[in-house]
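Enquirer: Sequence:
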Amino acid sequence: MTLEALKDSLGDFAKDIKLNLSTVLTIEGAPDLQQKQIYGIALASAYSTKNRAVIDAVIQAAGILSGAELNAAKAAASIMAMNNVYYRFVHLISDEEYGKMPAKLRMNVIGNPGIEKIDFELYCLAVSAINGCGKCMDAHAHEVAKAGVSKLGIQSVIRIASVINAVTQAASIG
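Numbering (our numbering), first residue to last: 184 to 357.
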């Protein structure tokens with residue numbers, strides 16, 4: 184399914200979502216990000232929503248991504264599915280002792296994602312926003328800012344994630 188076909192399949196109730204999808208996947212609609220970053224962020228976000236139609240539409244649109252970037256989008260969605268649950272627990276539980284304990288979770292892909300580290304961090308930030316983990320959002324926003332991504336670029340990441348999430352919701356409603 185193409186992005187156009189996906190947008191066409193959404194009901195009239197999702198007019199804003201359709202318009203936003205057309206915008207956020209462009210350089211103009213995602214300031215301070217490169218086109219490959221935009222598609223990688225969108226794909227990692229789509230994987231995190233688990234909606235096959237959305238995933239397939241984004242994959243088709245993201246034809247400029249390399250095999251390593253496609254794999255990194257999968258890796259970001261997968262590793263953050265684990266980390267977002269674990270670190271959201273650590274962040275939200277009132278017993279601070281858990282935050283002092285080692286996670287003892289393997290997450291080597293974050294240090295060696297097979298693509299530019301900054302791009303992988305952008306993917307992880309988007310997935311963390313969808314999954315609602317404040318601790319992970321803080322950590323990834325800090326890393327991308329440290330690497331030179333502007334607040335406008337970080338906002339663009341979150342806008343892409345929010346729109347991909349909303350497309351999935353609208354597609355599920357029918």
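Derived by calculation from the structure, the hints in this document are not laboratory data.
Beta carbons: idealized from backbone N, C-alpha and C, even for Gly.
Heads up, some of the hints might be wrong.
[Claimed, not checked] Distance windows between CB atoms, simulated: (1) Glu211 to Gln352: 33 to 41 Å; (2) Gly194 to Ala286: 16 to 24 Å; (3) Gln243 to Glu299: 32 to 40 Å; (4) Met284 to Asp321: 36 to 44 Å; (5) Lys283 to Asp191: 45 to 53 Å; (6) Leu288 to Phe196: 36 to 44 Å; (7) Gln217 to Gln352: 39 to 47 Å; (8) Met284 to Thr185: 42 to 50 Å.
[Said to hold, decoys possible] Listed next, the in silico DSS-like pairs over lysine-lysine satisfying Cα-Cα at most 27 Å (straight line): (9) Lys334 to Lys287; (10) Lys300 to Lys198; (11) Lys334 to Lys257; (12) Lys329 to Lys300; (13) Lys334 to Lys318.
Enquirer: Which hints, by number, does the structure contradict?
Expert: 1, 2, 3, 4, 7, 9 and 10
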